[in-house]
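Protein chains in written order, with the working numbering: chain U, 51 to 212; chain F, 116 to 406.
Treat each hint with caution, since some may be false.
[Stated by the list, open to error] Derived EDC-like pairs (lysine to aspartate or glutamate); straight-line CA-CA distance at most 20 Å:
no.	chain 1	residue 1	chain 2	residue 2
1	F	K205	F	D182
2	F	K117	U	E142
3	F	K117	U	E176
[Claimed, not checked] Stretch by stretch, here's where chain U covers chain F in the computed footprint (C-beta under 8 Å, at least three residues):
no.	region
4	127 to 135
5	177 to 191
6	199 to 209
7	218 to 227
8	385 to 392
[What the hints assert, rightly or not] Not close to chain F: a few residues of chain U, all C-beta gaps over 12 Å, as computed:
no.	residue
9	K60
10	E64
11	D78
12	G85
13	L104
14	G107
15	Q119
16	L131
17	H148
18	G158
19	P171
20	D174
21	S211
Quick caveat, the hints were computed from the structure, so don't treat them as lab data. Computed from a prediction, not measured in an experiment: that's the story for all the values here. Glycine residues also receive a C-beta, built at the ideal position from the N, C-alpha and C atoms.
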Amino acid sequence: MSESRRIRLKVNCEWRESRAAPRKLLVDFLREDLGLTGTHVGCEHGICGACTILVNGEAARSCLMLAVQADGAELTTVEGLAAHGKLHPLQEAFREHHGLQCGFCTPGMLLTAYDLLCVNPAPDEEEIRAALSAVLCRCTGYLGIIEAVKTAARRLREAISK
Amino acid sequence: MKPPAFEYHDPVELEPALELLRRYQGEAKILAGGQSLLALLNFRLTRPVALIDVNRIRRLSYIKEQDGRLCLGAVTRQRAVEFSPLVREKLPLLAEATRLVGHLPTRTRGTIGGSLAHADPAAEYPAVFSALDGELVARGPNGERVLGAREFFQGLMTTALAPDEVLVEVRLPLMTAQCGWAFEEFSRRQGDFAIVGVAAQVCVVGERCKTARLAAAGVGPTPLRLERAEQTLEQDGLSERSIAEAAARAAEQTEPPSDLHATAQYRRHLTRVLTQRAISRALARARGERR
Ligand code: FES
Ligand code: FES
């Protein structure tokens with residue numbers, strides 16, 4: 051039963067299929083088998099948040115999931131945030147507010163923030179800080195990131211109310 | 116690192132999972148939300164022959180009200196507990212504690228049963244189950260047995276579950292009228308395990324304390340029911356003085372460990388401070404002051 055299994059899943063709105071041994075982590079499956087290297091792998095034990103993706107629309111650590119567990123699931127990775135060649139408002143705001151330097155934490159930051167804005171479209175600063183505490187950034191400092199999330203939240207709300 | 120190789124099964128029903136557990140004779144581990152187990156596997160701190168993944172067993176995931184109790188399937192996601200209107204309304208202590216379990220992205224996968232069965236001494240859920248005398252339902256080859264929180268938590272990360280048993284349901288009594296609740300904890304970073312945490316649910320009649328339910332996490336190998344503090348409140352009432360007295364007795368009752376996170380003395384101090392805060396906040400809520 052430790053032989054490889056067929057895995058079929060939807061990533062960024064596209065069906066993909068490959069095989070993997072049960073011990074293969076989802077993050078490694080995305081990077082190595084599907085070529086989606088946007089999702090980063092830092093600590094491999096659920097602490098740094100760099101590997102955060104959306105699983106069926108909800109943020110989750112892809113280093114704490116086996117690839118076989120994602121069979122049949124719908125995933126969104128950082129590659130799926132921009133649409134029609136246009137950055138997602140979160141990405142746009144990260145750029146404006148210098149929400150990244152090396153970019154290592156950024157995919158996890160973006161998807162964690164995305165999930166926050168889904169469950170709470172109008173977070174206050176304390177709520178943003180609490181949510182982003184799920185991801186570690188070792189270079190930018192968090193202020194630019196917090197400002198970026200505030201800006202994106204405002205723009206997304208305006209876009210909806212229009 | 117990466118996990119070592121293991122045999123993997125993901126049955127969609129409970130019976131085959133039980134059969135597999137029996138077949139592996141203690142060499143298999145149940146994989147629930149995986150937020151602790153996968154980290155342990157990645158570190159290679161555990162090397163089970165097989166993983167029995169229960170995530171595809173749909174009927175182990177539910178939240179329902181039954182006979183004055185809240186019943187949750189063991190594989191119910193912490194995220195589902197957090198956003199459940201039923202939990203927020205009928206058992207707000209559980210909702211509040213849930214928001215302190217890891218971070219939202221770990222609660223997406225983490226399950227209530229997984230956290231209880233893992234029995235980390237600093238975890239929030241075991242303290243809530245200890246305070247409220249929760250029940251844990253185990254299913255094994257000879258059927259089901261219901262365990263009280265007191266018998267369930269036996270030692271450091273050790274529960275009363277037999278190697279061929281699976282936790283299938285957990286139950287807590289619903290909160291009644293004129294009760295308030297609070298979960299207070301101190302951790303170095305948001306989302307970390309608490310150094311010390313205190314769960315409180317206090318019910319009042321007029322100026323009297325009808326029942327006080329208190330338990331602490333992080334002060335010993337298992338959650339600690341703070342009985343002496345409960346007695347103080349139930350006998351002496353809810354004045355500032357008796358709250359302070361209860362908090363002092365809570366601290367006295369602990370025999371905490373010293374480790375690199377905190378000394379025993381500091382943990383005892385935290386127990387006093389957090390118990391006092393938890394009681395005060397629970398009391399304010401019981402009196403209808405929204406906080
Ligand atoms: S790589 Fe997954 S949390 Fe760090
Ligand atoms: S931008 Fe470098 S780690 Fe966050």
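Structure-based check of all given hints:
This hinted pair checks out: K205/F and D182/F have alpha carbons roughly 13 Å apart, not beyond 20 Å. A threshold of 20 Å between alpha carbons decides the hint, and for K117/F with E142/U the separation of about 34 Å lies outside it, so the pair is violated. Proximity of K117/F to E176/U is assessed by CA-CA distance (about 35 Å); at most 20 Å being required, the pair is judged violated. Counting residues of the region 127 to 135 of chain F whose beta-carbon sits less than 8 Å from any beta-carbon of chain U gives 0, not enough to reach three: the coverage restraint is violated.
Counting residues of the region 177 to 191 of chain F whose CB lies closer than 8 Å to any CB of chain U gives 0, so the stated coverage by that chain is violated, three being the minimum. Counting residues of the region 199 to 209 of chain F whose beta carbon lies closer than 8 Å to any beta carbon of chain U gives 0, which falls short of the minimum of three for the stated coverage. Closer than 8 Å: that is the beta-carbon criterion, and the region 218 to 227 of chain F has 6 residues meeting it against chain U, so the requirement of 3 holds. Residues of the region 385 to 392 of chain F with a Cβ under 8 Å from some Cβ of chain U number 0, which does not satisfy the need for three, so the listed coverage is violated.
Look at K60/U: its CB is around 17 Å from the nearest CB on chain F, clear of 12 Å, so calling it non-interface holds up. Even its closest Cβ contact with chain F, about 22 Å, leaves E64/U beyond 12 Å, as expected for a residue assigned away from the interface. Taking the minimum C-beta to C-beta distance to chain F, about 7 Å, the non-interface status of D78/U is violated against the 12 Å cut. Listed as outside the interface, G85/U is consistent with that label: its C-beta sits roughly 19 Å from the nearest C-beta of chain F, beyond the 12 Å cut-off.
Look at L104/U: its CB is around 9 Å from the nearest CB on chain F, not clear of 12 Å, so calling it non-interface is violated. Residue-level check failed: G107/U sits 10 Å from the nearest beta carbon of chain F, not beyond 12 Å. A beta-carbon of chain F comes within 12 Å of the beta-carbon of Q119/U; the shortest separation is about 6 Å. Every beta carbon of chain F lies more than 12 Å from that of L131/U, the smallest distance being close to 16 Å; the non-interface claim holds.
With a least beta-carbon separation of about 23 Å from chain F, H148/U lies farther than 12 Å from that chain, consistent with its non-interface assignment. At the 12 Å boundary, the C-beta of G158/U falls inside the reach of chain F, the nearest C-beta of that chain being 8 Å off. A cut-off of 12 Å between C-beta atoms confirms that P171/U is not in contact with chain F; the least separation is 15 Å. The beta carbon of D174/U is kept farther than 12 Å from every beta carbon of chain F, the shortest such distance being approximately 15 Å.
At roughly 24 Å from the closest C-beta of chain F, the C-beta of S211/U stays outside 12 Å, upholding its exclusion from the interface.
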